[in-house]
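Using the hints, position chain B against chain A.
These are the residues of each chain, in order.
2 protein chains.
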Amino acid sequence: MFADRLIESIKAKNSCVVAGLDPRIEYIPSQILKKAFNYCGTDLKCAAQAIYDFNKGLIDSIYDVVPAVKLQSAYYEMYGADGVKAFYKTANYAKKKGLLVIADAKRNDIGTTAQAYSSAFIGKISIEGTTLRSVLDADAVTVNPYLGIDGIKPFIEDCNKYRKGIFILVKTSNKSSGQIQDLVTKDGKTIYEIVANHVEEWGASLIGKNGYSSIGAVVGATYPNQAKELRSVMKHAYILVPGYGAQGGTAEDAANSFNEDGLGAIINASRSIMCAYKADIWKDKYTENQFAEAARAETIRMRDEINIAVKKQFKG
Amino acid sequence: MFADRLIESIKAKNSCVVAGLDPRIEYIPSQILKKAFNYCGTDLKCAAQAIYDFNKGLIDSIYDVVPAVKLQSAYYEMYGADGVKAFYKTANYAKKKGLLVIADAKRNDIGTTAQAYSSAFIGKISIEGTTLRSVLDADAVTVNPYLGIDGIKPFIEDCNKYRKGIFILVKTSNKSSGQIQDLVTKDGKTIYEIVANHVEEWGASLIGKNGYSSIGAVVGATYPNQAKELRSVMKHAYILVPGYGAQGGTAEDAANSFNEDGLGAIINASRSIMCAYKADIWKDKYTENQFAEAARAETIRMRDEINIAVKKQFKG
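Chains as they are written, first to last, in my numbering: chain A, 199 to 514; chain B, 199 to 514.
Chain A extracted, bound-state conformation:
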């Protein structure tokens, strides 16, 4: 069960921080860029090499203080097939270091095509009678619910077969998320609430020994009131919380997605970890060359801040 594997790692590291590896070129320290661009042939290949080198440095520095990394597919696809290779290489390296890998790909399509996506990200494929083999073999992937269960079911089946997980978009962290998600139906329910009910229902058969389902949800830290509401609608879903840090969500906001057992959510931070070396609180202590140490310091700071906020949340 993905949910149990995740919880085991969270407990071992006393951390529910997920490091988001969304490596925009402008985040990457100049010496890494310089090295990659001296070494490689074409600019896409160089960019992909720089991304991988940056990710590797970050992973080496934080693998013992986070249970998982989240790779935002867009920032790899941007560099073509070379970027996609860097995505795979990063995922493999993270797994070697004992991290769970969440592919943030927000995929969605109708049944047979959803199956192809699921095979690509968390499942297996068989070509011409060869034995089943993994392509990316991520531990979990994010999916979009606009197409209903047809687009989700193949992923759920693979979660069951291969001990994987998915996080279904429920209430996203962006400003305009309400344009569709906050619409209220004639029964007085919001769309995000209806999706949340589906998540709970779809996940019922995949609840692990810790009481959490491998069918999780995405709920932004930028909407703390909705997060509180959604926590009680989706009692068994593990919630992936984006929007902390650079997007404006605080530790107290993020704490709304936890249950009283101190579990139930993982908090993603991308920019604030990757660019810690540029941040006001760290830039005097760490040089650009020490980007990995700065990332570690920020991850630990964030871990402790969230752990305190979660404990506080359930006191008095």
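The hints are simulated quantities; they were obtained by calculation from the structure and are not laboratory data.
Heads up, none of these hints are tricks.
Copies of the same chain are indistinguishable here, so a pair counts whether it falls within one copy or spans any two.
Cut-off 27 Å, straight-line C-alpha distance, at most; resulting in silico cross-link-like pairs (DSS-like, lysine-lysine):
1) Lys359 - Lys243
2) Lys211 - Lys287
3) Lys322 - Lys232
4) Lys232 - Lys481
5) Lys359 - Lys433
6) Lys373 - Lys359
7) Lys322 - Lys233
8) Lys387 - Lys433
9) Lys243 - Lys293
10) Lys243 - Lys294
11) Lys426 - Lys384
Same frame as chain A, but now just chain B:
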């Protein structure tokens, strides 16, 4: 303007059929598979080679009877970075043959990440001060509206900058599409209708000389009544219609997405074109080796059938 480029090609070829290149291994004739698997090193590479060879054969046979091809990204991503390369190679080859390329990727994410996706599919990137360059350079891409305008705007900006198009999922062709899309708000509007209103509004600044916007929509042929309704809500949107053929939509169903000028929609068929050589109506006339000829025969049959249905639709 993408919409004008599309219309020009539709008129030149008297065809609004889009050939969907969703190359599942089981669609590919055995001699192509055999050749690719003899030639290549690893199984993913072989699969990617077979996909490209199959696509090339299809494109060579139908490029003069369709205005565009639609590449379903999932069936390429399934074969890893090699599959992604086959996606690029197919897109490039199709463009060389004068076809417009629609990337069916259903991407969606928050602002900056949506920008990265848009750059990957229809926009351009700049690395370390190099001049802007294209990655995939498709003519259009499908996008999912669940995140609201934040996730759409970067695509619209690139449509404007680079004469590209998008097709926003409104009412998808699958069985469970109603689970979210058919929900009725307290104002008595369905979600798909609300999304359709947004499409019309978001596309207002990109209307070309033929009266159609480069911000289009996806509406399944499997929901003809909704298609009729949506045609009148989104007067200026070009509508990409999946669900014809293997999924059950008829030419008469598809005709609901057209306007009286005989324009306004393109009809996708994937399986019925790619697997024409296996279909009851063609399998006695064409061998497996003649898959390309069978695809052409089916495309022409479909083109004529739809042209007749569209004309009939607006007669008395």
